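*Asks:* Please arrange chain B on chain A, whose structure you already have, making use of the hints.
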Amino acid sequence: AQSVSQHNHHVILSEAASLELGCNYSYGGTVNLFWYVQYPGQHLQLLLKYFSGDPLVKGIKGFEAEFIKSKFSFNLRKPSVQWSDTAEYFCAVNAPGTYKYIFGTGTRLKVLA
Amino acid sequence: DGGITQSPKYLFRKEGQNVTLSCEQNLNHDAMYWYRQDPGQGLRLIYYSQIVNDFQKGDIAEGYSVSREKKESFPLTVTSAQKNPTAFYLCAIEGFTGELFFGEGSRLTVL
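These protein sequence lines are chains A and B, in that order.
Numbering-wise, our numbering puts 69 at position 69 of the first sequence, and it's gapless, one number per residue.
Numbering-wise, our numbering puts 105 at position 105 of the second sequence, and it's gapless, one number per residue.
Be aware that a few hints might be false.
Label-pair restraints from in silico Cβ distances [to be verified]:
1) A:L56 with B:G16: 50 to 58 Å
2) A:A95 with B:K14: 39 to 47 Å
3) B:D30 with A:F51: 14 to 22 Å
4) A:H7 with B:F12: 47 to 55 Å
With a Cα cut of at most 30 Å, we get these calculated DSS-like pairs of lysine-lysine [stated by the list, open to error]:
5) B:K57 with B:K83
6) A:K49 with A:K110
7) B:K83 with A:K100
8) B:K57 with A:K49
9) A:K61 with A:K100
10) A:K100 with B:K70
11) A:K49 with B:K9
12) A:K61 with B:K9
13) B:K9 with B:K83
Covered stretches of chain A, going by a simulated chain B footprint (3 or more residues, C-beta under 8 Å) [as the list claims (entries may be wrong)]:
14) 44-53
15) 89-101
16) 104-112
Quick caveat, the hints were computed from the structure, so don't treat them as lab data.
Everything numeric in this text was worked out from a predicted model, so none of it was measured.
Cβ coordinates follow ideal geometry from the N, Cα and C atoms, glycine included.
One chain only, chain A, in its complex shape (with noise of 0.2 Å):
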């Protein structure tokens, strides 16, 4: 069975720190990934996703997510966070072509002023 690992529960950084959130996935073969962010008060939005091609993906605001097919990881990365990015961080997981989507059980991220 698929399952998503975020290892780092709660994260807290100062403005202009540099953030890696951790993703491990298990499945043993092809997937598409995802991470989807979720701002107080607000519904789930995607950052990025990665179907195939460049293991780099670039997604909104600055957000950038490196697959390593030999980790079964899918980091997320920004270079230096902002007040705003405060935000709960969730990595999902699909096989293509089924219909199931497994989130992991995601990181609170609190960037203090």
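*Replies:* Frame of chain A, contents of chain B only:
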């Protein structure tokens, strides 16, 4: 996404009562989903539907029921058999490019 409407936004229920959460979409998408979000547990799949008149159980379907009589509607009923129904419920549709779009959610509290 503006094309997905969940209602009500907040709902209070007494123990033993069934409640139905509405999810409507006007984007003409086939696949619709219900997730439950609890603090520290992420999103867990309750049910999903690929087409009208067809739906599949997700990982935590016990105590829930759904219907898909119309393409645009996928209501979720939280039955009295659900032992811990207090949660945030999210409806989603699968976009044409393979990602999920979410509604604003319904927060259910059991008194």
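*Asks:* Please go over all the hints and tell whether each is borne out by the structure.
*Replies:* Verification of the hints:
Taking the beta carbon of each, A:L56 and B:G16 are about 53 Å apart, inside 50 to 58 Å as hinted. At about 40 Å, the CB distance of A:A95 to B:K14 agrees with the hint of 39 to 47 Å. The given range of 14 to 22 Å is respected by B:D30 and A:F51, whose C-beta atoms sit roughly 19 Å from each other. For the hinted restraint 47 to 55 Å between A:H7 and B:F12, the CB-CB distance of approximately 36 Å leaves it violated.
In summary, the hint linking B:K57 to B:K83 is supported, as the alpha carbons are separated by about 17 Å, within the 30 Å threshold. Distance hint between A:K49 and A:K110 is fulfilled; the C-alpha atoms sit about 23 Å from each other, no more than 30 Å. Restraint check for B:K83 and A:K100: satisfied, since their Cα atoms lie roughly 24 Å apart, inside the 30 Å limit. A hinted pair counts as satisfied when its Cα atoms are at most 30 Å apart, and B:K57 with A:K49 qualifies at roughly 25 Å.
Straight-line distance between C-alpha atoms of A:K61 and A:K100 comes to about 27 Å, which keeps the hinted pair within the 30 Å bound. Between A:K100 and B:K70 the CA atoms are separated by roughly 21 Å; this keeps the pair inside 30 Å, and the hint holds. With a C-alpha separation of about 28 Å, the suggested pair A:K49 and B:K9 falls inside the 30 Å cut-off, and the hint holds. Annotation: proposed proximity of A:K61 to B:K9 holds, straight-line Cα distance about 28 Å (limit 30 Å).
For the hint pairing B:K9 with B:K83, the CA-to-CA distance comes to about 21 Å; that is within 30 Å, so the pair holds. Interface restraint, the segment 44-53 of chain A with chain B: holds (5 residues with C-beta to C-beta distance below 8 Å; minimum three). Given as covered by chain B, the segment 89-101 of chain A passes the check, having 7 residues with a CB less than 8 Å from a CB of that chain where 3 are the minimum. Only residues whose beta carbon comes within less than 8 Å of a beta carbon in chain B count, and the segment 104-112 of chain A has 3; three or more means the coverage holds.
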